[in-house]
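Novice: For chain L, the structure is supplied; the task is to place chain W on it using the hints.
Just so you know, the protein sequences line up as chains L and W, in that order. Residue numbers for the first sequence, in my numbering: 1 to 313. Residue numbers for the second sequence, in my numbering: 314 to 522.
For lysine-lysine, the following BS3-like pairs were computed, each having C-alpha atoms within a straight-line distance of at most 27 Å: (1) W:Lys418 with L:Lys73; (2) W:Lys487 with L:Lys245; (3) W:Lys512 with L:Lys241; (4) W:Lys418 with L:Lys32; (5) L:Lys245 with W:Lys512; (6) W:Lys494 with W:Lys466; (7) W:Lys487 with L:Lys241; (8) W:Lys465 with L:Lys73; (9) W:Lys418 with L:Lys94; (10) L:Lys73 with W:Lys466; (11) W:Lys521 with W:Lys458; (12) W:Lys493 with W:Lys522; (13) W:Lys521 with L:Lys73; (14) L:Lys220 with W:Lys458; (15) W:Lys418 with L:Lys92; (16) W:Lys522 with W:Lys362; (17) W:Lys458 with L:Lys92.
If we take Cβ atoms under 10 Å as the criterion, some of the chain W residues that face chain L in the derived model are: (18) Gly395; (19) Ser414; (20) Tyr424.
Hints were generated in silico from the structure; no laboratory data involved. None of the values given here were measured: they were computed from a predicted structure. From the three backbone atoms N, C-alpha and C, an ideal C-beta is built for every residue, glycine too.
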Amino acid sequence: MVRLAKTPLGFFAVAMGNQLVEIRELPEDPRKAAEELAGNAFEKWASSLRERGYDIEEGWVDPLRIAGLLGMKRDDYIRRAREVAIELARLKLKEAIGKDYLVIQVISALDDLNKSINIMMNRIREWYGLHYPELKEEEHEKYLKLIIKGERKESMGLELSEKDLGALKEIARMGLEMYKERERLESYLKELMNEVAPNVSELAGENLGARLIERAGGLKQLAFMPGSTIQVLGAERALFKHLQKGSPPPKHGVIFQHPMVNKAPAAKRGKLARALAAKLAMAARVDLYSGKLKPEFVEDWKKRAKEIMEAKA
Amino acid sequence: MILRMGRNIATENLVPGRAVYGERLVRKKGREYRVWDPKRSKVAAALMKGMKLDFGEDWLVLYLGVASGTTASHLSDIIRRGAIFGVDPAPRVFREFVLLSGERKNLVPVYGDANHPEGYAGIVPRVDFIVQDVAQPNQAQILNKNVSAFLKKGGLAFVAVKARSIDVTANPRKVFEQFKKELEGVEIVQEKRLEPFEKDHLALLLRKK
Numbered sequence: 001m002v003r004l005a006k007t008p009l010g011f012f013a014v015a016m017g018n019q020l021v022e023i024r025e026l027p028e029d030p031r032k033a034a035e036e037l038a039g040n041a042f043e044k045w046a047s048s049l050r051e052r053g054y055d056i057e058e059g060w061v062d063p064l065r066i067a068g069l070l071g072m073k074r075d076d077y078i079r080r081a082r083e084v085a086i087e088l089a090r091l092k093l094k095e096a097i098g099k100d101y102l103v104i105q106v107i108s109a110l111d112d113l114n115k116s117i118n119i120m121m122n123r124i125r126e127w128y129g130l131h132y133p134e135l136k137e138e139e140h141e142k143y144l145k146l147i148i149k150g151e152r153k154e155s156m157g158l159e160l161s162e163k164d165l166g167a168l169k170e171i172a173r174m175g176l177e178m179y180k181e182r183e184r185l186e187s188y189l190k191e192l193m194n195e196v197a198p199n200v201s202e203l204a205g206e207n208l209g210a211r212l213i214e215r216a217g218g219l220k221q222l223a224f225m226p227g228s229t230i231q232v233l234g235a236e237r238a239l240f241k242h243l244q245k246g247s248p249p250p251k252h253g254v255i256f257q258h259p260m261v262n263k264a265p266a267a268k269r270g271k272l273a274r275a276l277a278a279k280l281a282m283a284a285r286v287d288l289y290s291g292k293l294k295p296e297f298v299e300d301w302k303k304r305a306k307e308i309m310e311a312k313a
Numbered sequence: 314m315i316l317r318m319g320r321n322i323a324t325e326n327l328v329p330g331r332a333v334y335g336e337r338l339v340r341k342k343g344r345e346y347r348v349w350d351p352k353r354s355k356v357a358a359a360l361m362k363g364m365k366l367d368f369g370e371d372w373l374v375l376y377l378g379v380a381s382g383t384t385a386s387h388l389s390d391i392i393r394r395g396a397i398f399g400v401d402p403a404p405r406v407f408r409e410f411v412l413l414s415g416e417r418k419n420l421v422p423v424y425g426d427a428n429h430p431e432g433y434a435g436i437v438p439r440v441d442f443i444v445q446d447v448a449q450p451n452q453a454q455i456l457n458k459n460v461s462a463f464l465k466k467g468g469l470a471f472v473a474v475k476a477r478s479i480d481v482t483a484n485p486r487k488v489f490e491q492f493k494k495e496l497e498g499v500e501i502v503q504e505k506r507l508e509p510f511e512k513d514h515l516a517l518l519l520r521k522k
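Chain W on its own, in the form it takes in the complex:
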């Protein structure tokens, strides 16, 4: 599903011939792959830093902070028989994601605010996996709400914590410790700092208890 090629990783293109955001397409053994840039995707950065994540091909995913869908497009390659519900409140970037959803049958665009899960609770089902990349000061609370509402017991959550979005003045390590303390109902499975791809970012893989 995820191809390792030297210093890069790539995902098998669900829509052969189409690049989503100008990424490189490569052919290998008759299949087409899209190069997944760790500088543009925190999930890719975490995988490059050695995070182990066994995606299920039929997962249902809730993606908070999907933006224009750069990372979601790669997840869409991986989770071929599942679906990704992508949530974002910013109209300009979300427009791109709506267009992308038109091309990929496993993407469901949900224009809404992750602070208010009740706004999309009628469309998002219980999911196997949550991705959160929201860069908000209250991102721990946002995650807690969504984990308790939508994540299956035993389900996984990937979170990118951006220290500077939570508190610019504090030491990132302290911000990360504080963030972990605020998490509810989950255990930490893995954690990776994302340097050199992102500065002062921590990626966490959580499991719902």
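Isolated chain L (complex conformation):
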């Protein structure tokens, strides 16, 4: 009977706890050693042992004991383990961070940009309002364009020189630039989402899908969530209030943004949100593991939504 150990010093078959009966060395270079540890070299080696008739038992061998059998001191083991571990961690981290983390950054940047736009617009409206209080244009972007155009009828506002107006127009141009940037980011987010999570995007739309990934902390995290958690992502306060104080449970979190949920009559929304969340949970798993678009998700969801809408209350 032998036990196998996959250590930074190499692969070992150990008999009776203290005899190294087989040794497969690793490259001296920590980077190359880490690559072999991360790959399937150990599994290949183990199956070659099995073919040669070794009887392998489950069980742990302290890697430090193996170091001792090799005549290595404790500090030498730690030094080697650390060098290899750092390289191994770097390799694995490289794989762990995927493009879903870009999605989180982009949707957060959009949030920041929207906040900035609102702050700037409040200032600009107050500022230009000194000069032209009669201007009634609700839409921010059009308002900015009117400032730049500079047409003004008879007004009770403060008269401004070219220089005074110039400073204001500069800021208005920056405001328009922010709107353009928002558009660019939104279309980039769409592309990104269709690459990262095509099924979630198809079901929820790119924006809501990105919001769910952001709330979950990543596509993997979303894919590992049960539908019931996805249903209330973004309604954490209501959920914990429910759990602690027994208030009614939330029917939906950010999932409420889905048009089929928020346009439905209140009595149907909970059911719709639950059905959608369940489909999204599956969609996220397909996105994580295959990444291919499966149109049946949307068909199933539409069918189910129709049933819910047609059912008597």
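Specialist: Only chain W this time, still in chain L's reference frame:
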């Protein structure tokens, strides 16, 4: 090893001149110390609350839930001639710990999940001390697995139990009692509630039987 200075504690900086996470550096009698903030480290909070823990300078430590290594950096100051094997599954915070390990020769980063000790059993040796700060509903089971696999007989384990991560609805005291019942193969040596530094947290010091 651990300096008490008024209402603060500090550890002697293993890498003089470098702060790890923006903590204050102070000089005293020609040595540099890093202030150890009990609001950011549950080990520091437990020490401030009077837990007695005699660290060995040459300990081998398994740290479950090492995150970016804030607490581990102080342990690294204390356990100068030993090593800390830091385990965490979250890539974003773990990246910081890998960088920190590059600067400190007694830190070994292990990217893995404490739920699955077999994933790191080939690198982590038998240890003198386990620290667990994982805030998971099954943290007692996680601890049991790691204690039985890696901790020396008579070795110590420090555990921070976060009641709200185990059950948000239950009374914390009941959660703590339940947690203690689920422990296997250890005896409780000391326990301290971590208020006011952390809400609804209990720190336990355990010894392997």
